[in-house]
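Peer 1: So the chains spell out like this:
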Amino acid sequence: MGEKIGIYICECGPNIANKVYIDKIIEKISSIEAYKNKELVIKNHKLLCSIDGKKFLEEEIKQNEFTHLVIAACSPKDHESTFINICKKTHLNPYLFRIVNIREQCAWIISDRDEATEKAIQYIRGSINRVSYQSPLEEKKLDSNPDVLVIGGGIAGIETALSLASKKRKVYLIEKTSKLGGKSAKFRKLLPRQNCNTDVIQKKLLDVEENNHIQIFKETELEKAIGFFGNFEVILKNVKDNNLKTELRVGAIIVASGFKQLNTSELPKYEYTQDDDVYTSLEIEEMCSQNGKVLLKSGEEPRSIALIHCVGREEKGYCSQICCNYMLKIAQYLEQQSSDIKIKEFYRDLCLPNKDDQFFLENLQNSAIDFIRIKDIEIKGNKIKYIGTDDTKKEIEVDMLILAPAMEAEDGATELAELLNIQLDETGFFQEAHQKLNPIATSTDGIFIVGAARGPSGISESILQAQAVGGEILTQLIPGEKIVPEVKVSEVLEALCKGCQTCLNVCTYGAIYFDEDRGISVVNEAICRGCGNCMGSCPSGAIRSKHFTNPQLYQEMVEALR
Amino acid sequence: MSKSNSVLVIGAGITGMKASLMLSNAGKKVYLIEKLPLIGGNIIKNEECFPNLECSTCMVAPIQQDILQNQNVEVMTLSTVEKVEGEVGNFTVTINKKARYVSLIDCIGCGMCYDPCPVVLKNEWEENLAEKKAIYVPCPGSLPNVPTIDPESCLQLSGKQNCSACVEACDFGAIDFSEKDEKIKVYVGAIIVATGFDLFDATYLPNFGYGKYPGVYTAMEFERLFASNGPTSGELILRDGVKTPESIAIIHCVGRKDQGYCSAVCCMCSFKYAHFLNQKIPDAKVYNIYSDICVPDKSYQKFFENVKRESTELVFQPSTDKIKVTKNGSGLDIKYLNGKGMEETISANMVILSLAMIPGKETSHLSKVLGINKDTKGFFLTQNRNIGSVETTKSGIFVAGCAEGPKDVQNSIIQAEASVSKVINCLE
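Same order as they appear, the protein sequences are chains A and B. Under this note's numbering, think of the first position of the first sequence as 1, with each following residue one higher. Under this note's numbering, think of the first position of the second sequence as 563, with each following residue one higher.
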């Protein structure tokens, strides 16, 4: 069967009709010698996106049995999807259709009507030539596994497991230590309303342990993960016995591997030894949980305590956003412990970004706690030197110091990122797919990041992010439903591939692997998003991006410039 | 009684749009209602978003398009909730849908109707910095790209005069004066409230001179003044006609003390403005007058450091309520107490007030209609943050985004995602 191309020009009311000569376009296109071997049908319509217009187009496609379709109208942003739907309805493969924007790119921007008409003709010619080189691509549907793997048994991982586990979805929760709960299980009280810890964290711990749809692997790490959204194969290993392995199939992976506090010995301005009464905030939390009290190494009650905010903030280059809050909480503990303790809070800026935080602060400001804003600070044992906002240098000595060190990504983050083919950002935490619009997804579909592994987060933020990942998985990985991957993907032409592997480095989605036996790169079409990076980087021209092939682009360009 | 498979989303800002698209993906029918004639919310008023300075329109327009083209999402603009009955799984919602008087189907958005309209009005969407006609779109690029007629000002609709200038200008027969306001009933299983925020009214604090001195702008006014689709096409022309101010003072935390909370985004917005100003007027002196730097995200401090290095002088003062803006010749003086408690003065031609985010105007009414509580600050009350901050005091009704409290875009998105999770679980 020969080619039969339908070309429809939308007048868009007066928008196109009054700015270009539509009859001239039709006349010119019909008379082009090079198209004599193609069967062309060229017509115009007042408004193709209207109900009448759509009906007209449908009937035309059915009657003429077109092999290809070109529509000259508005921006593809406005109505490409409208016409794609008509193609689907009339069983014309939508990848054999092309929209030409003669409104925004011709009619609306060129005041000279002849010039606008000329440009519209060039554009339409390009597309007529191009559609002949387009291929009818087909959507694929893949089975998916609804089960998920959660890496990390802290509060973020626990909440993720609880939001997702159901009759139709199994959750595998792995934790590298022997206990679930992470750091938050060590806390005595929670912000902002100081509910008793056992109410919240302990209940969640119990819920996870008792849930039949959650399988917990303690002392377990990820060893390997391959596959793509809906179909991952993972291998887990026991941290004590590396030969003890478990193989699982899951549809999605959630990283909730948490954080650690910056090692203060890395900071020259904070000089102290194990013998000094200097503690990090987490050490104080543990001390409180165990003893119910904050005590000096000598066993006595401290009489004066300095709390120091922002330890390592400058060096790390980011604010850990929860420290101000928890330092206020610690100050409140201490105040309740004994009214004889003199408490000084040394801070630079108070970062209290939740609506309830300031109320908490104002209550404390009315108490005996001394808030001291500083420009710089140094400690040596229990001696403090600081510069206040009035630029005066002062020195004081206290019984005890409590530091709020910056939060950092957990030690294993780099290895985990490599195993999962996801990125870390410049702060060392896992990087989001889009900082604003897709903040818990990663560049690899089906792999998500929650809690402090994603960036400094408190308990409430981690819980919220865990519920958010629940939302993403419940709406994307639905039990029994198939997954439709991108159609416009890349492919490697075996005969041309020299095996240099340049493409592996430029693919941000991890969609290309190297076949050692054949010595060529292979694209996993289920992962590829069709960005075209590999095509551009391939030195031997062996990679083709479907729907954006070199012949398609060349033929469009040549004809448009003819 | 079986549960409805439909969901009502109130508010078509970034939060409501995100939640709607996700729910649609899971096969839910979504009614997305928006009180304004356009969707997109506050984010589309910004030219660029911190910290990556991405163009907001480029970020949001594809989402707006997805919403408008989505078969499962029924968008109702110019609509508010009038009544809600029932309970989780089965709510009956009465929606008050105002007439647009322009057909969403027939209109192609060519804009031929604006010029002939004889009525000129203040454009509130443009923070009153621009004018509009009685038939208008709030700004170029509004979606849906279909104008609205203001019935109180339109000569024909208000009965003042027999005018049909717009009808004559329309080649598509899209204008219909006979359209009536409607009451629409929908049945839904769950509701997501994503009504966003408003900004603190700067006229409550006369010491900042807003409304008195033309050189004093609110943050949102500055966003529009800077926007390339805004009233001046992005040119910095002040109200009194001064082009390109030579010195600008950005004052942080205006209204924070009165509201009793930090709004979490204003520091970053203020630094963004300094960057904008430095790009546009490299010789201008830009001051950021602050009391606490609040940059609560791993990516924010780097942006702040860059701006501090390249675009602004930081001025610390501990008591924002003691700041006074006064007139000095053709310019303005900003008096404040420094870290030592001494009074100092900065002179500027332009002052930008970074205002606290406050609950949306309709929050009180909506809390009554929905039967959910507000917190002491006037935002929607959620259950204890440690259990989940999207559940309101009524089962089946969830809140997301700035309707729950001030926050940035990513945290609004995270709440949208979390509320979707809750909706799906409660409709199982």
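Think of the hints as simulated: they come from the structure by calculation, not from any bench. Predicted model, so just to flag it, every value in this text is computed and none were measured. Some hints could be false.
Among chain B residues calculated to face chain A with C-beta under 7 Å, some are [claimed, not checked]:
| id | residue |
| --- | --- |
| 1 | 733 |
| 2 | 775 |
| 3 | 822 |
| 4 | 841 |
Just so it is clear, CB atoms sit at the ideal spot from N, CA and C, and this is done for glycine as well.
Peer 1: Now look at each hint and say whether the structure bears it out.
Peer 2: Against the structure, the hints come out as follows:
At a threshold of 7 Å, the smallest CB-CB gap from residue 733 of chain B to chain A is about 4 Å, leaving the interface hint in force. Because the smallest distance between the Cβ of residue 775 of chain B and any Cβ of chain A comes to about 29 Å, over 7 Å, the interface hint for this residue is violated. With 7 Å as the threshold, the beta carbon of residue 822 of chain B comes within range of chain A, its nearest partner Cβ sitting at about 6 Å, so the hint holds. Residue-level restraint check for residue 841 of chain B is violated (minimum Cβ-Cβ distance to chain A is 21 Å; threshold 7 Å).
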